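Residues per chain are reported as follows:
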Amino acid sequence: MKRFYLLGFLLLMGFDTLAQISFKVAGTQALPVEASLAWLLRVFGQPWVYGAVIGYVGAFFTWMALLKHAPIGPAFAASHLEVVSVMLLSIWLFDEQLTLARGLGALAIIAGIVCLGLAESREHEPAADAEPARG
Amino acid sequence: MPAEGSISTLVASLWLLNIVLDTGGQLAFKAAAGDPAAGDGLARWRHMASRPWLWLGIGSYVAEFLVWIAFLSLIPLSEGVLLGSINIVAIMIAGRFLFGEKLTRLRVAGIALVALGVAIVGLGT
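Residue numbers (the numbering used here), protein chains in the order written: chain A, 46 to 180; chain B, 6 to 130.
The following block holds chain B by itself, in its conformation from the complex:
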């Protein structure tokens, strides 16, 4: 195990990959569930299963599961969960750009605080 206090390229890459997979997975599920042509009940599930979004979401989550295990095995857990909070920021920003979700002042403050906290933890190592 690497000494505490050093973030290697591998750790940084796994962290970035985790953000991409988590955000991508959530957006894929959103696209699958939000399709207005999908209908209701069993027909809705059949519709979702016949299109790529649901499977893209599931695939992303499976990959993220493995990436997260690898990531946490290389750094202290307390640091890992804090650095992982960046996913909250990524998904809100993605929601804003892709689905036009509103960013109220309180939301912007929350996003900025989480990002600041992640930066402090990341730079402090």
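Isolated chain A (complex conformation):
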């Protein structure tokens, strides 16, 4: 069962990461940003925006399945820790730099997400499956 959760968390992170990478490529290809129909047509006229849709839909259903079975705390953390995978992939794929500010900021944010995950775990311990579907 542990392996099932782990796989679910990884799948959730994978879908979220796919969505963010796709958003970035879709946005870059649709530049310049303008509040116009032309911009919308550029966004929806190339395949990456649909990668973002797939990532979102996939993440949604994985999240719903996880909430049914997995503890809420780790699920919450996993649903937000894609910042780590997205950062690493942006350095690799888009030649972005891990500046000091981004590194320190990321550490604080990750620590915060872990705290919030622990808080959720604690709160839901006595009635683990009391209201999982409300998210």
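Don't take every hint at face value.
So the derived list for chain B, only partly shown, Cβ under 7 Å to chain A, looks like this [stated by the list, open to error]:
#1 82
#2 86
#3 108
#4 112
#5 121
#6 125
Hints are computed from structural coordinates only; laboratory data are not their basis.
Source: prediction; values computed, not measured.
For each residue, glycine too, the CB sits at the ideal point set by N, CA and C.
Once you have looked at the hints, place chain B on chain A.
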């Protein structure tokens, strides 16, 4: 593409708009799903569809989708996802004020750390 290291007014506005739409959308869904008069099953969905909350939520999410694409196209992705973490803070604070959700000490610590991290990233650009 603007040089790395400069946050323009447009980027800041898109960031703020994203917070408003994300928080507003989640609260609208919460209001739609939490309505005790809604009943069960198909009747519940019909009830939700006949009231504005569900549609407000869907509309917010569609708008947020576009705002987020525009936002990310203007700044590096690694910075964008970090700055976007502020949504976690916004929704928890909104939940506290609107639904009286408890803020335990651990939650306050988590919120403060995420906010601190976002501030470091934002000021460091």
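Hints, one by one, checked against the model:
{"no.": "1", "hint": "82", "result": "4 Å, holds"}
{"no.": "2", "hint": "86", "result": "5 Å, holds"}
{"no.": "3", "hint": "108", "result": "9 Å, violated"}
{"no.": "4", "hint": "112", "result": "4 Å, holds"}
{"no.": "5", "hint": "121", "result": "5 Å, holds"}
{"no.": "6", "hint": "125", "result": "4 Å, holds"}
Checked against the numbered hints above, the structure breaks only hint 3 and satisfies the rest.
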